[in-house]
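Trainee: Given chain A's structure and the hints, the job is docking chain B onto it.
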Amino acid sequence: MSDPIIHMENIKKHFGNVIALNGVTFDVRAGECHCLLGDNGAGKSTFIKTMSGVHKPTSGEIFFEGRPLSFDSPREAMEAGIATVFQDLAMIPLMSVTRNFFMGREPRKGGFIKRFDLDTANSVTMEEMRRMGINLRAPDQAVGTLSGGERQTVAIARAVYFGAKVLILDEPTSALGVRQTSNVLATIDRVRNQGVGVVFISHNVRHAMAVGDRFTVLNRGQTLGTAVRGEIDAGALQDLMAGGQELAELEGSLGGTV
Amino acid sequence: MTTDPGIPADERIKSESLATRLMKRPELGAIGGVILVTIFFLITADSAMFTLSGIMNFMTPAAQLGILGIAAAMLMIGGEFDLSIGSMVAFTGLIFGVLVVNMGLPLIVAIPLTLLAAAGMGALNGYVVIRTGLPSFIVTLAFLFILRGASLVGLKLFTGGSTQLRGVRDAVAGDFLTPIFSGDAFGGLFRWLAGRGIIDSFSSGAPKVPGIPVEILWFIAMALVCTFVLLRTPAGNWIFATGGDDNAAANSGVPVRRVKVSLFMLTACAAALVAIITVIDAGSTDARRGFMKEFEAIITAVIGGCLLTGGYGSAIGAFFGAIIFGMVTIGLTYTDFDQDWFQVFLGGMLLLAVVFNNVIRKRVTGER
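As you go down the protein sequences, you meet chains A and B in turn.
The first sequence runs contiguously to residue 258 in full-length UniProt numbering.
The second sequence runs contiguously to residue 368 in full-length UniProt numbering.
Next up, chain A with everything else stripped away, as it sits in the complex (with noise of 0.2 Å):
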């Protein structure tokens, strides 16, 4: 297996007395889907912002493609190749696609007056949507005219175009169907296939299990070791998440739906 581009080393998060994240190891390589999975309040958001610049971690350290690494701010970790796609997605409903997706890094031409060059972020746009199974209907649609799934897909692809090598997604399938959620997964299945490594953020353990190739558990702000792809199930996933017995009496309770 490859060097991971990106190894975080027990991290240790406190805000003022609250310890938010109290050591969590984590690692993604190129080309794999690192599934980092959590209960609500486990630290996830913590970690993501930690791992994305937002925050300073209190302790601990974050090598990057081997060298020890420490971001000041997102803009840092962004311009390093550490892309983050937050639940909000950064976009805007009543902007065309292409607007939002070259919003902040439009592509320019011209001589003395620098001009948007919007034939070619047309272009790229339809193509990069293409590649990752969108056939939009025209570049300027508006982003709020696209389903949920979409509107993911479109930050997703947005991400990778600009040189993301770690991808990280924040919960992208929390707010979907059923059928879009099965095309963000295929998508994040492309983005791995082009080498990018993913980091994936989700409590649902079977959105975790049909994509990932990792798994990692973060319970009350410590993971709880990392297990691969055929070693562990669905169900000592959930357990690990719950911290153990109390989802398993629930589970006795309703009869083993959960």
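Computed from the model, here is a short list of chain A residues facing chain B with C-beta under 10 Å:
hint, residue
1, ARG75
2, MET78
3, ASN100
4, GLU106
5, ARG115
Distance ranges between label pairs, derived from CB positions:
hint, chain 1, residue 1, chain 2, residue 2, range
6, B, ILE39, A, LYS109, 41 to 47 Å
7, B, GLY187, A, SER123, 44 to 50 Å
8, B, THR309, A, ARG131, 31 to 37 Å
9, B, ILE39, A, ARG131, 49 to 55 Å
10, A, LYS109, B, ARG166, 49 to 55 Å
11, A, ASP119, B, LEU36, 31 to 37 Å
12, A, PRO107, B, TYR127, 29 to 35 Å
Bear in mind the hints are in silico, worked out from the structure with no lab data behind them.
No residue lacks a Cβ here, since even glycine has one placed at the ideal position from N, Cα and C.
Mentor: Structure of chain B alone, referenced to chain A:
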């Protein structure tokens, strides 16, 4: 668009007709409005309204308002309001008047200084909005009063107690820049046209319309430049993004603060331009200059298709919005109606435009 055979098209998305596509242009409402108003006055008004001199008559106030309205539209697309535009006209008018009359500066110095002062005050507006995070509505409402009051105090200070500063026309007479900011352009062309009998002329042979008032040219130039910036430059994309969702825009690397401050500077400079043009034209400045113009500018922008929530609108729309405004204001004098119907008409237009825009927005975003 070519459809990729590998990906099935969604059968639930109907292909769009040209009419639907046109419906989604923000300026459609304003263009429709111009057509409606034109038909209304063609029926009710004296035919003199649509002669060359009649058109210049309503285009002049339309242009003066339109310069403000287009700037207000740019700012509204960027997600903010500027209620201090009207007072800014009075205050920059005072600055300009003092520079040319009291200090005797030539226009080449006085105009840049006036614009610089306006840009500074616009930047202050923007800076306060960004730093406090308060709605620009409130911040610029404060500046509406601050600048109006300051204009009054300043006028008294520089004139020794009067609320009118006179003598601008004498001060700028003969300045080589005066023709760019006042009077009529293309006089030669109009005389030639009159000589050939293409346009109406007086018995002396002089054309009835001496030329195109310069503010109309400024107005057209501004509409073209702003439309170009909005639709064809990265800065335009930033303006839409900032108004659509400033948080998402900032996360995507758009310099949101710089965009907002620049737009506040733009509205202030547009106010200064209108002040310079109207002060030279009137030959004096007073404390009531630009009164209520902030609201008229915002109405122009809204009739032009801007959403109050930002992120959507057009400069060309505001251009037509201003023409509607000019036609209604002046047009009523050509009819048998009482001229004071103008405000009723305007309020009705505004209401209609807002309802219409709301429907359009729902169509664009596909929300139900």
